[in-house]
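Input sequences plus hints: build the corresponding full structure.
Order-wise, the sequence lines are chains A and B.
For the first sequence, the UniProt record's numbering assigns the number 1 to the initial residue and increments by one for each residue that follows.
For the second sequence, the UniProt record's numbering assigns the number 1 to the initial residue and increments by one for each residue that follows.
Mixed in with the good hints, there may be bad ones.
Stated by the list, open to error - Output of the computed footprint for chain B on chain A, the stretches with three or more beta carbons under 8 Å from beta carbons of chain B:
1. 72-83
2. 113-119
3. 141-153
4. 233-240
5. 249-256
To be verified - Selected chain B positions facing chain A (in silico; Cβ < 10 Å):
6. Arg6
7. Asp174
8. Lys214
9. Gly218
Said to hold, decoys possible - Derived DSS-like pairs: lysine-lysine, alpha-carbon spacing no greater than 27 Å straight-line:
10. B:Lys309 - B:Lys293
11. B:Lys96 - A:Lys122
12. B:Lys149 - A:Lys122
13. B:Lys61 - B:Lys2
14. B:Lys339 - A:Lys55
15. B:Lys340 - B:Lys96
16. B:Lys329 - B:Lys309
17. B:Lys273 - B:Lys53
18. B:Lys293 - A:Lys55
19. A:Lys47 - B:Lys340
20. B:Lys205 - A:Lys47
21. B:Lys167 - A:Lys55
22. A:Lys55 - B:Lys53
23. B:Lys270 - B:Lys96
24. B:Lys101 - B:Lys76
Please keep in mind that the hints were generated in silico from the structure rather than gathered at the bench.
This structure is a prediction, so every number in the text was calculated from the model and none was measured.
Backbone N, C-alpha and C define an ideal beta-carbon position, used for all residues, glycine too.
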Amino acid sequence: MQIRTRNLYLIPYLTWILLFVVAPILLIVYYSFFNVDGQFTLGNYQKFFTPVYLKMTLSSFWYALLITIISLLIAYPTAYWLTKTKHKQLWLLLIILPSWINLLLKAYAFLGIFGTYGPTNKLLESLGIGTQQILFTDFSFLFVSVYIFIPFMILPIYNALEEMNHSLLDAANDLGASQWTTFRRVIFPLTLDGVKSGCQAVFIPALSLFMITRLVAGNRVITLGTAIEQHFLVTQDWGMGATIAVFLIIAMAFIMMLTRKRK
Amino acid sequence: MKRLTRAFSVIFLISFGLMYVTYYLNQAEGYGGKNTLTVYNWGDYIDEELLEKFEEETGLKVIYQTFDSNEAMMTKIEQGGTTFDVAVPSEYAMSKMKDEKLLLPIDHKKIPNLKHIESRFMNLPFDPQNQYSIPYFWGTVGIVYNKEKLKGKEIKSWNGLWNPDFKNQILLADGAREVLGFSLNSLHHSLNDTNEAHLQAAKAKLDRLTPNIKAIVGDEIKMLLVNEEAALGVVWSGDASEIMGENENLDYVVPEEGSNLWFDNMVIPKTAKNVEGAHKFINFMLDPENAAKNAEYVGYSTPNAEALKLLPEEISQDERFYPPLELTKKLEVYKNLGKKMLSHYNELFLEFKMHRK
Numbered sequence: 001m002q003i004r005t006r007n008l009y010l011i012p013y014l015t016w017i018l019l020f021v022v023a024p025i026l027l028i029v030y031y032s033f034f035n036v037d038g039q040f041t042l043g044n045y046q047k048f049f050t051p052v053y054l055k056m057t058l059s060s061f062w063y064a065l066l067i068t069i070i071s072l073l074i075a076y077p078t079a080y081w082l083t084k085t086k087h088k089q090l091w092l093l094l095i096i097l098p099s100w101i102n103l104l105l106k107a108y109a110f111l112g113i114f115g116t117y118g119p120t121n122k123l124l125e126s127l128g129i130g131t132q133q134i135l136f137t138d139f140s141f142l143f144v145s146v147y148i149f150i151p152f153m154i155l156p157i158y159n160a161l162e163e164m165n166h167s168l169l170d171a172a173n174d175l176g177a178s179q180w181t182t183f184r185r186v187i188f189p190l191t192l193d194g195v196k197s198g199c200q201a202v203f204i205p206a207l208s209l210f211m212i213t214r215l216v217a218g219n220r221v222i223t224l225g226t227a228i229e230q231h232f233l234v235t236q237d238w239g240m241g242a243t244i245a246v247f248l249i250i251a252m253a254f255i256m257m258l259t260r261k262r263k
Numbered sequence: 001m002k003r004l005t006r007a008f009s010v011i012f013l014i015s016f017g018l019m020y021v022t023y024y025l026n027q028a029e030g031y032g033g034k035n036t037l038t039v040y041n042w043g044d045y046i047d048e049e050l051l052e053k054f055e056e057e058t059g060l061k062v063i064y065q066t067f068d069s070n071e072a073m074m075t076k077i078e079q080g081g082t083t084f085d086v087a088v089p090s091e092y093a094m095s096k097m098k099d100e101k102l103l104l105p106i107d108h109k110k111i112p113n114l115k116h117i118e119s120r121f122m123n124l125p126f127d128p129q130n131q132y133s134i135p136y137f138w139g140t141v142g143i144v145y146n147k148e149k150l151k152g153k154e155i156k157s158w159n160g161l162w163n164p165d166f167k168n169q170i171l172l173a174d175g176a177r178e179v180l181g182f183s184l185n186s187l188h189h190s191l192n193d194t195n196e197a198h199l200q201a202a203k204a205k206l207d208r209l210t211p212n213i214k215a216i217v218g219d220e221i222k223m224l225l226v227n228e229e230a231a232l233g234v235v236w237s238g239d240a241s242e243i244m245g246e247n248e249n250l251d252y253v254v255p256e257e258g259s260n261l262w263f264d265n266m267v268i269p270k271t272a273k274n275v276e277g278a279h280k281f282i283n284f285m286l287d288p289e290n291a292a293k294n295a296e297y298v299g300y301s302t303p304n305a306e307a308l309k310l311l312p313e314e315i316s317q318d319e320r321f322y323p324p325l326e327l328t329k330k331l332e333v334y335k336n337l338g339k340k341m342l343s344h345y346n347e348l349f350l351e352f353k354m355h356r357k
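Listed below in structure tokens is the structure:
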């Protein structure tokens, strides 16, 4: 009887998973076997292994990697410093707040901020550096992406740091470990799970970025996400779009496995 | 908190109640039936005084709704939740809607004012005999340039874009047909060319344009040009006329090698409830006086020959929007190249975008 009621509770969850996780993935795999004319084909997969798409895949991974590394380098010290401050909740709120604003709005704001006559260039001008092209460069793309993703990196690391048993630090100190050794041998390994979830939360969405590539990078950066968007909306070549999506799903599953938490 | 929740629930209840009442009243007065006409058009794309005039003349009540992309409009019509009696798609969207059987044929007998439309704008490849569509406005693809920023340098042709002086100064609209099209035009090929050698040559030529290109963007191109983010932009004439009003330094030119000719067209969607009224509306909009008033307000080029005569000379003689005949002959309407070719165009465009400086 008890097991039966427990199974009943599972129904909403299972329906959800089936309808919104399993079914869409199956549909994507299904569509990837059809060409523009609706005929069954393996051509899309063949096409994926041409230089154009391979180059695109490489550049997507490269940018996602850069975004993740930069986020990590900024987020770790920030999270560490957060655990030391007095008004933790307030600072945390300030970090999370920007993620409540729509991503597109934020991207549009940067069009103004980084523009030739925008505030950033005014500042550079008054510093005597002179007007630079910031918009539509790799720098602006990485900057805005990191800005958007960084809360997702800070939070898990912050949680891991908070959960850490502080008596371990005292122990390390008593046993004569230098601060650097304490960090390397005690703090970092203990927060590794937080770092891993942070990397997951940044790397995976960064792989499939698309609107920012157009708005902030002016289509000078082309990622797999851009290609998917174009195939679905402009070309209406759903098969090719789905094929790229299949590869993205495989790549993401692979990354999840790599960054899996150890038990 | 409890009070707040209660206050919100009350507001919600009242809103829903009012919504129901409006719906009920509309039904009772017969709105949504035979004495209304629902027009579905682009935002700010009609002189609204004309709607009032139409209501006075016919006694029909016009419900005017707007959309901001062909795709959004098509989806709404396909779903069929709301009935639209007249819609105004661009020609490629119109031909898609025709293929998907979303349109009703137009009875030319009920539109006597059709005779005012210039013959060169009738019977075009996207709708032979104008069975399903009547042209509303037309335009071109061309170059917007900033007089101040070019400092006396001139641009009159597509080939002028390749001038090394324009390093990092060009913005392109994010459209495969537009961008490959102007490259084909610059090589003196048709922008409907499907010859593989020509397409590859056009793509290779675009790669050489890369140092001059600042960005390839969507609708933001208007804002960026107004803010003088770049000196040149490849845009549709409609966008051009809009931004020229916002920044006096901007000017527009239809390149001498030729360009694209596009149309927005009035159609009657399949879901129309007031087909009679829709014909009346189309006929009303084609009346020379009304068409002229509308063209003056919207600022796009009218296909209505009689209306053109009524427009002030500064508009009708403006070669930027009513190009001279010899140039007009070089303008081409996009042909529907089929999904395969379109996909190939996009593939080439994607490759070009990936070509780095």
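Hints, verified against the model:
{"no.": "1", "hint": "72-83", "result": "violated (count 0)"}
{"no.": "2", "hint": "113-119", "result": "holds (count 3)"}
{"no.": "3", "hint": "141-153", "result": "violated (count 0)"}
{"no.": "4", "hint": "233-240", "result": "holds (count 6)"}
{"no.": "5", "hint": "249-256", "result": "violated (count 0)"}
{"no.": "6", "hint": "Arg6", "result": "25 Å, violated"}
{"no.": "7", "hint": "Asp174", "result": "6 Å, holds"}
{"no.": "8", "hint": "Lys214", "result": "6 Å, holds"}
{"no.": "9", "hint": "Gly218", "result": "6 Å, holds"}
{"no.": "10", "hint": "B:Lys309 - B:Lys293", "result": "12 Å, holds"}
{"no.": "11", "hint": "B:Lys96 - A:Lys122", "result": "48 Å, violated"}
{"no.": "12", "hint": "B:Lys149 - A:Lys122", "result": "19 Å, holds"}
{"no.": "13", "hint": "B:Lys61 - B:Lys2", "result": "45 Å, violated"}
{"no.": "14", "hint": "B:Lys339 - A:Lys55", "result": "25 Å, holds"}
{"no.": "15", "hint": "B:Lys340 - B:Lys96", "result": "15 Å, holds"}
{"no.": "16", "hint": "B:Lys329 - B:Lys309", "result": "21 Å, holds"}
{"no.": "17", "hint": "B:Lys273 - B:Lys53", "result": "22 Å, holds"}
{"no.": "18", "hint": "B:Lys293 - A:Lys55", "result": "53 Å, violated"}
{"no.": "19", "hint": "A:Lys47 - B:Lys340", "result": "14 Å, holds"}
{"no.": "20", "hint": "B:Lys205 - A:Lys47", "result": "24 Å, holds"}
{"no.": "21", "hint": "B:Lys167 - A:Lys55", "result": "26 Å, holds"}
{"no.": "22", "hint": "A:Lys55 - B:Lys53", "result": "58 Å, violated"}
{"no.": "23", "hint": "B:Lys270 - B:Lys96", "result": "13 Å, holds"}
{"no.": "24", "hint": "B:Lys101 - B:Lys76", "result": "15 Å, holds"}
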